[in-house]
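So the protein sequences, as listed, match chains A and B. Heads up: the first sequence at position 231 corresponds to 231 in my numbering, and the numbers run straight through without jumps. Just add 278 to the spot in the second sequence (first one is 1) and you have my numbering.
Calculated directly from the structure, the hints in this document are not laboratory data. Wrong hints could be hidden among the right ones.
DSS-like, lysine-lysine: derived pairs with alpha carbons at most 25 Å apart [unchecked claim]:
{"no.": "1", "chain 1": "A", "residue 1": "K159", "chain 2": "A", "residue 2": "K211"}
{"no.": "2", "chain 1": "B", "residue 1": "K472", "chain 2": "B", "residue 2": "K437"}
{"no.": "3", "chain 1": "B", "residue 1": "K340", "chain 2": "B", "residue 2": "K286"}
{"no.": "4", "chain 1": "B", "residue 1": "K320", "chain 2": "A", "residue 2": "K62"}
{"no.": "5", "chain 1": "A", "residue 1": "K194", "chain 2": "A", "residue 2": "K178"}
{"no.": "6", "chain 1": "A", "residue 1": "K62", "chain 2": "B", "residue 2": "K472"}
Listed here are the chains, written in short residue letters.
Protein chains: 2
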Amino acid sequence: MKQIESVKEFGGWLNRYEHESTSCHCKMTFSVYLPPQAATEKVPALYWLSGLTCTDDNVRTKAGAQRYAAELGFALVMPDTSPRGDAVADIPERYDLGKGAGFYLNATQAPWAQHYQMYDYINVELPELIEAHLPLVPGLKSISGHSMGGHGALICALKEPGRYRSVSAFSPICHPVKAPWGEVCFSTYLGDDKNLWQQYDATELVKAGHKPMPALIDQGTADEFLAEQLLPQDFVAACVQQGVSIQLRMQDGYDHSYHFVASFIGEHLAYHARALRT
Amino acid sequence: MKQIESVKEFGGWLNRYEHESTSCHCKMTFSVYLPPQAATEKVPALYWLSGLTCTDDNVRTKAGAQRYAAELGFALVMPDTSPRGDAVADIPERYDLGKGAGFYLNATQAPWAQHYQMYDYINVELPELIEAHLPLVPGLKSISGHSMGGHGALICALKEPGRYRSVSAFSPICHPVKAPWGEVCFSTYLGDDKNLWQQYDATELVKAGHKPMPALIDQGTADEFLAEQLLPQDFVAACVQQGVSIQLRMQDGYDHSYHFVASFIGEHLAYHARALRT
């Protein structure tokens, strides 16, 4: 991996890297914020998965998370949302399919399967890469995300018990097999086999017996995508049915934007800090 | 004035407005963050002047200031950096002249003078407008800004004693009559009369006997514009010569970006809060 940018922030360093991904078969870019503590010791990491249309740039610019990471002493790992490059399949006129819309799954259908392997990228390749090159405590990590990235955080935590210490999400797509965004992407990337779809759906994973670690979800009541796309009530219903612990906070008047994320990111980072310290 | 957007953040509201400006003779857009306290009482205001190429959007998205404003209970007023619209003179191929580069002065030269009256807009028109329509304590305000906006904050504070309770700046253009950005804009907007230029130059104003209220300036040592464009040493030298109080903090390793602003905006807001409370 090659460092291509480094900006000082809150006493630490906001770095950007690129590397040739063996999962996605293309050059990938990501950012890592290293808190001041990382200058002298290895630190835990919080992975942040971003939403539709985003790159690593949105969260590092808009969420205000670096301040809390500097205070709490852990790194923020901010990957891209899909494979990139001219060789990668795409539907340029759609914001919710193709580049910027990887949905954190391993595609099985041509022409997507060659590059859209974001699940393996996030859960295996990227951690191995950065733990080998950056001052991170190997294996000590948590995961969070926004919208499509909230979906990604939840499915990673559910499917990979023991890999993450804690999970949280802002405005996550909780039941993609029942939502237009999810239906379009899952049918395109995964084909017609709905059993396979369910392997990447937080609500269906809970129904199938997967147990999340304690999870924190924040959802704005004024979110324009709440009713049709996000469906947190389905996820909560599955958790209640399975007797698993979940905290959903419906936040009055907040929308789907990073202004909502910024308002509560401090509480999410404190939540993860408690899990990463134990 | 007409409210065109409202987003909940940190329990308050990040609003955007547009109005027909009598100073600039065009439609102007600005943002105001109203903290939770503004729901029940009038609050003080901090005006934030942005830098070259910016609109009201950069600071509201990138600085992380709303969190502190919500805690401290004051409003953030975020105006645009120039007049706007098809009728407004511009040099589209230049980022440092014309739209986005108003330099917070009143232009005297055609075709600029018709619309580029940002000094009056910031100091007179905008406060009168928003104090009449929003829950702000009339006249209780401070001012800050970044780069060209840091220049703007300093000259407003110097030229308008009593109008602002405190002033701060990030990476300000401290001596524009001696810097390429300033020379180009001042000669274009103000013509050849260098006496007039000095009326909009913080260093020259101090030399001429204007006294700033205690001012806080943060400047990154790794700022790519420091040596040629910003010249804080000239401002400090003038202050020393005139025996006026100034605090310049050279911050090791920080660049010119909003990541630098975000790192210290909390300290600036606390600084202004002390002045606004007394």
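Status of the hints after comparison with the structure:
Straight-line distance between C-alpha atoms of K159(A) and K211(A) comes to about 9 Å, which keeps the hinted pair within the 25 Å bound. Distance restraint check for K472(B) and K437(B): the Cα-Cα separation of roughly 17 Å lies within the 25 Å cut-off, and the hinted pair is therefore satisfied. Between K340(B) and K286(B) the alpha-carbon distance is near 16 Å, which keeps this suggested pair within the 25 Å criterion. Of the pairs offered as hints, the one joining K320(B) and K62(A) is violated, with about 28 Å between alpha carbons and a cut-off of 25 Å exceeded.
In summary, the hint linking K194(A) to K178(A) is supported, as the alpha carbons are separated by about 11 Å, within the 25 Å threshold. Only pairs whose Cα atoms come within 25 Å are accepted, and K62(A) paired with K472(B) is rejected, the gap being roughly 41 Å.
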